[in-house]
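> The chain contents come next:
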Amino acid sequence: MDLTAPVLTGYGIWAPVAWLAAFVAATIVVYLLWKTGESSYKKGTEQGRPYLSGNAEPEKGAVHIRASNLYWGFLQALKGYYDAIVPIHTGVLTDYMIWFVAVTAMLLVVIGVLS
Amino acid sequence: MLWNLPFITVVVLTFIGIVTVLMKKNIIKILLGINILESAVNLFLVSLGYREGGVAPIFTLAPSELMVLPTPQALTLTSIVIGVATSALVLSFAMVLKKKYGTVDINEIRRLQG
Amino acid sequence: MTFVDFIVTNAPALLVAIPLFAAFTIPAVGKISAAARNLWVMGTMLLTAAVAFILAFRVFSTGTVIYVFGAAAANLAVPLDSGGIPIRIIFTVDAMSAFMDVICAIVGTSVLLYSLSSESRNTNLEGYYALYLLMITGVFGMVSTGDFFNFFVFLEILSLASAGIIAYRIDGGLAVEAALKYFILSTLGAILVLFAIGIYYGQYDALNIAMIAQRMQFSMLDKIALVFLVAALAMKCGAVPMHFWTPDAYSMAPSSATAFLVVASQASLYGLFRVVFTMYNMTMNCATVGWIIIILGVLSMVIGVTMAIPQKDIKRLMAYHAVSQTGYMLLGVGVGLAVLGNTTLTSAYGFMAMEGGIFHIFNHAMYKGLLFLTAGAIFYRIGTRDLNKMGGLGHTMKYTMIFFIIGALAIAGIPPFNGFASKLMIYESVYLFNPIFAIIAMVVSILTLASFVKVFHSVFMGPQLPEYADVKEAPLPMLIGMGILAAIVILFGLFPQPVVDMLVAPAANALANQGGYIASVLGGA
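So the sequence lines, in the order shown, correspond to chains A, B and C.
Each position in the first sequence, counted from 1, maps to that position plus 22 in our numbering.
Each position in the second sequence, counted from 1, maps to that position plus 2 in our numbering.
Each position in the third sequence, counted from 1, maps to that position plus 566 in our numbering.
Treat the hints loosely; a few may be bogus.
[To be verified] Calculated Cβ distances over 12 Å to all of chain B for the following chain C residues:
1. Ser599
2. Ala602
3. Leu612
4. Thr675
5. Asn690
6. Leu740
7. Val759
8. Gln877
9. Asn954
10. Pro1029
11. Asn1079
[What the hints assert, rightly or not] In silico contact screen, one side only, chain B against chain C (beta carbon under 8 Å); selected entries:
12. Ile36
13. Val43
14. Leu47
15. Leu50
16. Pro74
17. Leu77
18. Thr80
19. Ile84
20. Phe95
21. Leu114
It should be emphasised that the hints constitute simulated quantities derived from the structure, not laboratory data.
No residue lacks a Cβ here, since even glycine has one placed at the ideal position from N, Cα and C.
All chains should be built: construct the whole structure from the sequences, respecting the hints.
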């Protein structure tokens, strides 16, 4: 058994070990390039402190961007879709059971009558 | 026609059960609807197993010819046992919900949504 | 007969008997001491997993194993005086069943290892572990049985135990609400399954899956039974639009149990595939049923992932991703089913799509289990699941963060993790079937990545928050439990082809080859 054999997908191949080798090689090149740079960072000086145009740094909790603020634009752009889809998840068990029974009935029509 | 009476009963019971489950809002009434559905399916299984003039498969004192295979009865017994477990679990859920939410109305038990 | 021989011969029965016995003895063992109880549970789980591996090895090396309860010989499926009907309860473990057994054994063991530590702060653990072992019993039983009524019984054992474990930490009633929704829907589904069993018994006088498959006529009654089974099992595995219980149940269950609930859902998925492939196969209109499964799959993918993005509860978000990933499996296997009758198309891409879908079951169980375990570790340390309250945990929970990254990249299908291998197989084969579905699948993967970037940012990134300044790394057993799954995610990502050759291709073959299943039970019929 060949451990490193590529996956044949019927369309192309996927050889993760070769991919990983390429990835490691690229990483080494990047590291070498980075290594040639000049280090100007001095630990324990003013350099390490946050600088907000001279204003006082807010407390840590206020700096962190919380989860609800992420993807605001995405949700806003798809507002119509979300306004339609979220209310369906009503949390009422009866609705869930109606969905189940309705899908069963629909399948009965599709499989029982049409096919 | 009379031969089909058990199966007609099954259909009627199923219908009653589904309507109860879908229309009632009280958890305990929903459970009763589920119990009616379970009775329907149990009746269905038992009716399938009925053979006219069949001999019960009890070996002592039975005539030694063909006997009825008791599988549907065994299935029904198992299904009844599972039904009891179901009822017990749902009733205990209803008790806890009544204690914590103060209601058994399914319309008000919807803090998880979206 | 030596002990090893005994285990090998009776492996299918022991798979169910060991956890069942241990589950009911836990309360007694728990009276001795907590350590004895933990040892008892862990020993049971390791033994069961070992039996599962032995059985799987036997199945993959020598073919389908059948085990008849109470027969003179374990492989005597049809008693000589029964008129050709296999009346006894039978376990038929073919490659697909063995595949699911392996998944259940791996996830079951690592989750249990994890829960020894994650649940240790709670009281009343005897009941928790008893329910957990009952879930293990249910899954092993469902995937191993060759008797359809038995399938129903194990389905119900699994539903009851899962509902119990979801409601276990009452959590102000929220967990009970989730369990109630899950359980009432499950019970409705189980009633449909029982109706279908009655229909089969009335027509074919048999409960044995192979016997039903052999006698299958696809009459009107069979169509009704098929609809009942497809609807009930698709609901149980969380396909849209019957997925509503999934986020509730997954988010409110104890974190460790959630990881196993994923496997429990996949046992229902296995049941669905078993019904359409083994029981009906070519007798039904494969294209129609295949398209139904494809549509359910595509809906699950899209709605699952779009509903996940705005979620604020970390476990609820992951639960919606579980719905979305189930869609990939349904899509892959549905494509395989839709072209089942056509040999050219099947060899061109149908079989590859099935392999991709089945491989994805394995991968999903691993990385989704891993993600739920990391969510559990975060909850264990900071006591909230609300993403808005989290931040900066990467400073202190480094290993958890690494495991989270591995899981998140795997679920998003980023190379070289295992999710990529199976998703690539699905993309490329589905592209040949219908390009639109492949494009949808890729877009869904991108959205998956996007939503995990959100989770990663809001949980681990940012400055160390003052309220979490003294948060420590998760305890070692939890890290080991996550580590096992993470190692498998990486290994299967780096060496996918051996896995496909050894596990996935035989499983897909076993599903597609109905005649082989029937012959292994009824003998060259």
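> Does the structure break any of the earlier hints, and which numbers would those be?
6, 7, 8
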